[in-house]
Amino acid sequence: MAAAQGRPSDGAGGMDEAKDTENHRREEDSAPLPFRAAVDALRAARLRPQIEVEPTPPPRRLAPHSYALEAAVVDGDQDLADGRLVLLHDPAGHDAWRGTFRLVTLVRAELEPEMAADPLLPEVCWSWLTGALQARGLAYGEPSGTVTRASSHYFGGLSARPAASQIEIRASWTPREGLGGVPDTAAHLAGWCDLLAQIAGLPPAVPGDASVVTLPQRRGPQSR
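The opening position of the sequence shown corresponds to residue 6 in this note's numbering, with each subsequent residue numbered one higher.
The hints are simulated quantities; they were obtained by calculation from the structure and are not laboratory data. A virtual CB, placed ideally from N, CA and C, is assigned to each residue, including glycine. Among these hints, one or two may not hold up.
With beta-carbon atoms standing in for the labels, derived distance ranges [claimed, not checked]:
| id | residue 1 | residue 2 | range |
| --- | --- | --- | --- |
| 1 | L111 | G185 | 58 to 66 Å |
| 2 | P127 | D80 | 21 to 29 Å |
| 3 | A122 | G162 | 34 to 42 Å |
| 4 | Q55 | A165 | 26 to 34 Å |
| 5 | L67 | P124 | 31 to 39 Å |
| 6 | D123 | P96 | 49 to 57 Å |
| 7 | E182 | S156 | 38 to 46 Å |
| 8 | A42 | S157 | 38 to 46 Å |
Throw the hints in and build the complete structure from the sequences for me.
Structure, rendered in structure tokens:
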């Protein structure tokens, strides 16, 4: 995960953060029941032990109500992949979503340069997302997103560093609502964690899952 940024030595940054957290808790308490139930399910979800998940401040302008998590696939003191998942809710509905809930994600990991050059990489990475949701039998609609690969080459005083390549998946989808207008957010979170595990190079949680295409190589773990 990205390193934390420095904060003012007078403690003002910490005070502002605490105030923002308290304000967000009050907003959650006054949020519609379906959103609160969806958030409670996210908090109660049981996930793979290799994945560390914690809440993070959500975006405020994308929907009337939002909740966000960040996660890292961890092996000892090393990160293999990281990501962010945001739950959005608009009780009035949203034409583009075709529903009242939307899940938005960013997932990224380091790759071998040779793997990043594979022309099938974008399609395969997108199949990791759709395959992870389908493998858990999740109903969803209106999926959209991008797969981006980037390479960094170092010169001059940085020439000793090896070239680095990164894959990044940005996506969103509408989870279908169940009883009481609440989607099964815990199952969607588990599917998202399957995507994180896949991009990190871990074996699938369910052996024999043929819905997810596997690429042959992964870069070694990155120090935290």
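- Task: Check each numbered hint from earlier against the structure, then list the numbers of those it violates in ascending order.
- Result: Those not satisfied are hints 1, 3, 6.
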